[in-house]
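These are the residues of each chain, in order.
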Amino acid sequence: MFKRIALTTVAATALATAPAWATDVKLGVLNDQSGVYADLSGQGSVLAARMAVQDFDAAGKGINVEIISADHQNKPDIASNIARQWYDRDGVDVILDVPTSSTALAVADVTAEFGKIFINSGAATSDLTRANCQPTTIHWTYDTAALANGTGKAVTESGGDTWFFLTADYAFGHALERDTTAVVEANGGKVLGSVKHPFPGSDFSSFLLQAQGSGAKVIGLANAGADTVNSIKQAAEFGIVQAGQKLAGLLLFINNVHSLGAETAQGLQMTTAFYWDMNDGTREFSKRFQAEAGAPPSMVQAGVYAGTLHYLKAVEAVGSNDPAAIVAKMKEMETDDPLFGKGYIRKDGRVIHDMYLMEVKSPAESTGEWDLLKQIATISGEDAFLPMEDGGCAFALAK
Amino acid sequence: MSTSENTKVALPAMTHTVGMPRHQKIIFIVLLAVLLALPFVVYPVFAMKVLCFALFACAFNLLLGFGGLLSFGHAAYFGMASYVCAHAAKVWGLTPELAILAGTATSAVLGLVIGSLAIRRQGIYFAMVTLAFAQMVYFFALQAKFTGGEDGIQSVPRNDLLGIFPMNDDMTFYFFVLAITYGGILFIYRITHSPFGQVLKSIRENEPRAVSLGYRVNRYKLMVFVLSATFAGLAGATKSQVFHLASLTDVHWTMSGEVVLMTLLGGMGTVLGPIVGAAIVVTMQNYLASLGAWVTVIQGCIFVIGVLLFREGIIGVLSRILKKPL
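Protein sequences, first through last, are from chains A and B.
The end of the first sequence is residue 399 by the numbering used here, with every number in the run present.
The end of the second sequence is residue 1326 by the numbering used here, with every number in the run present.
To be clear, the hints were calculated from the coordinates, so they are not data collected in a lab.
Computed from a predicted structure; not experimentally measured.
One thing to keep in mind: the hints can contain errors.
Quick list of in silico lysine-lysine cross-link-like pairs, DSS-like style, CA-CA up to 30 angstroms [said to hold, decoys possible]:
(1) A:Lys331 with A:Lys342
(2) A:Lys217 with A:Lys361
(3) A:Lys347 with A:Lys361
(4) A:Lys190 with B:Lys1145
(5) A:Lys196 with B:Lys1025
(6) A:Lys190 with A:Lys361
One side only, chain A facing chain B, incomplete, derived with CB under 8 angstroms [claimed, not checked]:
(7) Ala22
(8) Thr23
(9) Asn64
(10) Lys75
(11) Asp77
(12) Ile82
(13) Leu105
(14) Ala106
(15) Asp127
(16) Gln242
(17) Gly244
(18) Asn279
(19) Ser362
(20) Ser366
(21) Thr367
Ideal placement from N, C-alpha and C gives every residue a C-beta, glycine not left out.
Please model the complete structure; the sequences and the hints are all you need to start from.
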């Protein structure tokens, strides 16, 4: 409640001081504020959007920005309903964040129907810019393909050339395993086998023993959320990493690593689009962010910041809030912000930026609560994300 | 008593004769008027969602309130129908009425299969059996190719009604949904106030006695189970057309829990209760969404208050004060 009041006040001050020719834009942050993704998106994403507005000095540049937010409770029907109401009645121009695949795809459709803009940061599904792409969708931070690609390629190249997969037994897990297998094999690695565990699972011991017995150098965790966390915990109990095998998490966030702790998660390799302690730009932002939110930003929240910033730049360049012109401008301009560095937005809406292969530090290396990761390799955007030509995005491929 | 002459069952003296009592006629007319005006007051898509859940809760109430059977697996019928309907509309290109029928029929069959096994047990065992089957349906939905896993079936088109009338305008579609829901609710009312419904109530009140009177209670239970599953399916199928999507949310066990909440909050065993309960829960989920994490807290508090202070539900309490069945 307090934050909403604060936001309204910010907006009101902006209205009062803005020049007469000002452009009004309304941003809607739609994400999970009460469920499993509340930590990595949630109110932190709202804060990230607000910081982007401040850092851009929107008011000084004649852009009046108002930010509203809502909890989609990870239900696509609620997300779709709120998105519709925002566009139709509340005059929202752009929806940000939207974690979980099903809600993101629903919001992408509604956005296209109303001809507004959807800048996704939270969802993993690469379908947002592939089979289900929309001219109004921009997918910022990561997707399953990039994670599979990034981890698969970088780990294989750095010597982890035999793999065994622990796969969540549903479409998402299968896709992750399939994509990563292709990458591993393309880079000269070999997949020795895989085992599917029920989703959601709680006891991974027999699967982990199978993985251990396979003798593979790398155990790929093709699962997500609590399943990943639990399998890492149990792997630590079996001393799998100490015995010389590496764990590679295919979908893991800094918040998961933090909840596991360096002791349990040490040696784990994962791909991320953003880590707070990479350069001066990320550190400066993260320090301000942490002062208010209590934790450094996740890559999803960083993506909301960068997406908002790039959107505002396009609004300034276009000089109105015409969505079609803004999307065109966003795709035309290079992306450049302190968190993701330089990049660009492909025609299909996929944002191309570098990804990083990280390894969880050992407790001895870690100097602070959030000092958890060290960078192993940089994966260039072109290598990480799937090429547009193979994506099957109809409008982007049409000549 | 004219309606129950041919059912041979001794029931407490009924206050009504043929047809609806007058105050219920008025209620149904007022309800129709309110629902006709609703999309002009609130957002049409939201209004449609309320209707779908109202029908879902009424279907559940048919089983719990009148049959006395607590199912913890109604999401299975609701969700499966929404998947089949979405698939039928998207892949087979069926018109809305046919797609919804396909979804509803699926739920009827599913209800028949699960029901015929579940009704052999009573009380908590019955609830657990239905929950177990619903979990199986959930895993099926998670694994099967056509459901799209956690992505769900998205971009489901709303084809032209009967192949003639375009349905893409939400306002137009609202009245189609209203017809389905209102028809469904009237039908459920008719079932509960038929001789069949009276037998059901007698089974709910005293099963051994109903058996001793010569009723094959399992047939009645199965029948009401299938009917309830069918209407739950009708609601789910309609919902997938409203939102252009079908997803795991609809088959998840929390959906089974939500419908219990709606029914208990509104008033189990009343005609209006489930509708009111559904409206309250859906409204909270939508209009409190900007409060973030507080939605679930508020929902929980309301449920606790409801259970502690008015166990008969909102309409149940009203009905007691007015001394009239609502």
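Quiz item: Checking against the hints above, which ones are violated?
Solution: Hints 3, 5, 7, 8, 9, 16, 17, 18, 19, 20 and 21 not satisfied by this model.
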